[in-house]
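Participant: Take these sequences, add in the hints, and give me the full structure.
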Amino acid sequence: MKMNLLGNAAIAMGAKAAGVRFAAGYPGTPSTEIMETLSKTEYAKNIHMEWSINEKAAAEAAAGAAYSGQRVLVTMKQVGLNVASDPVMCLAYIGVKGGMVIVVADDPGPISSQTEQDTRAFAAYAHIPVLDPSSPEEAYEMTKYAFTLSEKIGRPVILRPTTKVCHASATVEVSDEVYEYNPDGFVKNPKWVIFPPLSYRRHIENFKIYNTMEQDDCEYNRACAAPESKIGIVTGGVTTAIVSDVLRDLDLKIKRLIVGRPYPFPTAKALDFAENVDEILVLEELEPFIEEQLQRIIPGDKIKGKYTETVPTAGELRYENIKNIICGFLGLGERAETACVCDVTLPGRAPVLCAGCPHRASFYAVKSAVKNRGKKAVYCGDIGCYTLGNAKPLETTDTCLCMGGGVTVAQGISSANPDTDAIAFIGDSTFFASGMTGVANAVYNRHNITVCILDNRTTAMTGGQPHPGTGKTILKEDTVKIEIAGVLTALGVGYVKECNPFDLEAATATAIEALDYDGVSCIVFKAPCIAVAPKPCVYEVIDCIGCRRCINEIGCPAISLNSDSGGNAVIDTQSCYGCGICETVCKPGKIHKAGGAV
Amino acid sequence: MNILICGVGGQGTVLASKILAESAVIDGSNVARTGETIGMSQRGGSVVSHVRTEGCDSPYIPLGEADLLIAFEKCEAARSIPFLKKGGKAIVSMTEIKPVAVSLGVMDYNSEAMERCINEHSEAVFLNPADNEFLQGKCANTFLLGAAVGNGLINISENAVKEAMKRLIKPKFYDINIKAFEAGMKACQE
Ligand SMILES: Cc1ncc(C[n+]2csc(CCOP(=O)(O)OP(=O)(O)O)c2C)c(N)n1
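As you go down the protein sequences, you meet chains A and B in turn. Here the numbering used here is used: the first residue of the first sequence is 67, the next is one more, and so on. Here the numbering used here is used: the first residue of the second sequence is 4, the next is one more, and so on.
Among these hints, one or two may not hold up.
Unchecked claim - Pairs of lysine-lysine residues, derived as DSS-like cross-links and limited to a Cα-Cα distance of at most 25 Å, are as follows: (1) A/K68 x A/K210; (2) A/K68 x B/K169; (3) A/K538 x A/K106; (4) A/K106 x B/K141; (5) A/K296 x A/K218; (6) B/K189 x A/K68; (7) A/K218 x A/K257; (8) A/K106 x B/K182; (9) A/K254 x A/K296; (10) B/K175 x A/K542; (11) B/K175 x B/K165; (12) A/K601 x B/K141; (13) A/K601 x A/K659; (14) A/K538 x B/K173; (15) A/K210 x A/K106; (16) A/K106 x B/K77; (17) A/K542 x B/K173; (18) A/K372 x A/K319; (19) B/K141 x B/K175; (20) B/K77 x A/K458; (21) A/K335 x A/K218; (22) A/K659 x B/K141; (23) B/K165 x A/K68; (24) B/K175 x A/K106; (25) A/K111 x B/K173; (26) B/K175 x B/K189; (27) B/K141 x B/K173; (28) A/K601 x B/K175; (29) A/K319 x A/K296; (30) B/K173 x A/K601; (31) B/K173 x B/K189; (32) A/K601 x B/K182; (33) A/K210 x A/K335; (34) A/K274 x A/K257; (35) A/K437 x A/K563; (36) A/K111 x A/K68; (37) A/K441 x A/K458; (38) A/K106 x B/K189.
Read the hints as simulated data drawn from the structure, not as lab findings.
Facilitator: So this is what it looks like as structure tokens:
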């Protein structure tokens with residue numbers, strides 16, 4: 067059957083066709099839709115699926131199922147692999163029985179990530195084979211193949227798509243068949259227990275397996291002949307597809323090597339490819355991974371890439387970059403762009419907190435409390451929609467490092483700056499993923515910080531996934547709802563209060579109290595994300611006096627200045643979500659709930 | 004065929020590109036490719052969707068190669084103009100969504116200059132939300148698709164788009180979207 071599938075959906079369909087029985091992941095752009103697509107199939111009802119509390123939990127739980135002979139899928143974004151790296155590194159030694167495919171989505175740019183790390187390099191470091199699809203079609207086929215390969219070598223396999231494969235769609239031929247097998251359950255054996263002598267033996271074995279694979283004929287590593295060509299181009303991932311377009315458009319026939327399985331590197335094929343070429347151009351995003359592998363086996367200075375400054379070292383490789391690099395490489399000169407240029411300076415449009423977002427109210431309340439106390443404060447932010455609190459006019463994110471990092475960074479800030487209030491903001495999903503340990507650390511080590519948990523009842527940034535505080539599973543079934551305030555109290559936090567951020571007055575008073583508290587204090591700001599709550603009403607401005615306080619204080623995207631009426635504020639009823647904080651901040655009292663229907 | 008759809012995160016551009024890709028296949032294309040903006044930009048940032056139906060391995064339209072631009076917002080239309088072929092066509096909603104930085108007075112939203120730039124570089128059809136109620140709501144995407152089909156700017160049949168909509172839109176919202184699509188077809192033929 068032909069289907070238009072997003073790369074991520076193609077991976078989900080591939081896993082289904084391969085008979086996956088256990089699928090676990092933690093949301094993260096650009097990987098999230100893999101689990102979401104699979105969870106919406108009929109097939110999902112007969113297998114175990116979960117949004118795990120974080121990537122480490124996902125990998126470990128899946129490992130247990132794979133030890134028991136089930137085929138398992140684990141999904142995450144690239145930084146998720148940092149969190150899961152402990153189990154994944156060890157699994158490279160211990161291995162699996164049922165096929166284990168770990169999908170790690172990389173994000174050149176980066177577009178929606180903290181880092182531009184390259185999972186191919188991680189895979190080589192960990193000694194785990196990695197596959198790098200160039201399109202959604204290939205992602206589908208590679209996913210099925212990855213399960214087979216994993217079982218053949220008894221080791222996990224990583225599939226590493228990038229954003230432009232995950233979030234591209236193509237017409238994919240999908241089969242209805244599902245691979246049938248009977249897992250025999252967990253069989254006790256010392257091989258499942260990692261001990262130094264076993265690790266030593268496995269290290270030797272791994273090296274042998276992967277060294278042998280360097281000589282093999284994997285269908286995803288392929289050379290394209292061009293008998294006349296004295297130069298060669300090597301690519302991997304989506305760059306392979308873009309180079310095909312560029313060469314077609316320029317009408318060039320050039321010898322190519324496509325590396326779809328970068329580790330173990332196809333040494334034999336690469337040597338064969340390099341034999342009669344004078345120069346090799348390596349076009350790849352992120353790290354110079356293929357380039358380094360080629361340098362390992364090909365002496366001299368034939369290879370051009372990032373180390374020769376022929377190819378940029380950061381960011382995406384777009385069609386235009388690639389065309390220019392190839393033309394430069396071939397001495398065809400820079401290609402003049404045919405595109406029209408717009409001579410108007412356009413305002414940039416960075417992402418913002420939505421109109422009606424409860425985070426805006428929480429930030430505003432805490433900021434008001436800080437102003438009221440008159441003491442210096444540092445806002446330690448974290449990863450989620452609330453990172454957008456960095457923008458003007460809120461400016462309530464002074465640091466942001468990694469998931470869960472805000473709570474712990476605040477502890478160092480507070481220790482090093484005793485005259486400063488250290489305030490951490492953390493989302494509910496992030497709290498469960500990696501915030502709880504930081505709170506325990508603060509309590510145990512007697513730090514003096516205030517932690518604001520922004521409980522919007524969803525994982526908003528990644529598109530609204532349930533988490534342990536929501537009482538729902540990925541399959542929308544009911545489950546235990548873990549109360550954040552209860553967790554905090556159990557961790558020994560001396561001051562724990564819940565409050566509604568939209569009640570600005572009460573929220574500000576609570577924040578003052580929490581900041582006054584000597585020790586670890588926590589406020590749970592509870593109000594749902596606009597994506598999970600109905601729109602209650604909208605607001606309107608009547609007889610605006612043009613003081614701009616609403617705009618300058620809260621920066622809501624639904625409020626703008628009307629250029630026709632001399633700079634008065636107007637509220638766009640389409641995007642207003644009726645949170646009402648503009649009404650509270652409008653000192654002249656000109657903002658009111660609108661009467662009509664929503 | 005290369006179609007670029009642009010707008011502001013939250014406006015429904017992704018559904019529009021899905022419908023286009025699906026209808027292209029219904030109408031007999033072997034492959035339809037799309038490249039989406041999914042992630043942080045969906046929170047009110049600039050978003051683009053690329054839709055391509057022939058002779059390409061990658062879903063991303065090179066600069067200067069789009070046959071048609073479908074813009075959900077005026078400033079985003081101007082921003083995407085470099086994608087358009089010389090004299091390419093554009094369907095542009097006159098909707099203005101001012102970034103917060105504009106309201107704060109940090110940046111300018113020069114509406115007339117944007118319009119001039121769009122006109123200079125394309126054969127544009129402008130649609131005013133004041134005259135077309137569907138442009139103000141959740142059905143702006145299907146309305147604009149209707150405008151593109153109605154004006155003969157895409158080589159895709161009305162029936163294929165309707166069939167694609169049936170497959171991709173929740174039954175609850177199907178009727179209203181068909182209405183929006185049909186209104187879009189008319190809005191353009193006038
Ligand atoms: C280690 C790691 N895993 C996953 C992600 C992807 N990610 C970004 S924000 C986020 C969670 C956001 O949810 P929450 O903390 O509830 O805040 P909200 O977006 O709802 O405000 C996730 C999982 C990441 N950046 N890093």
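Participant: Starting from the hint list further up, note which numbers the structure goes against and sort them upward.
Facilitator: Those not satisfied are hints 5, 6, 8, 9, 16 and 38.
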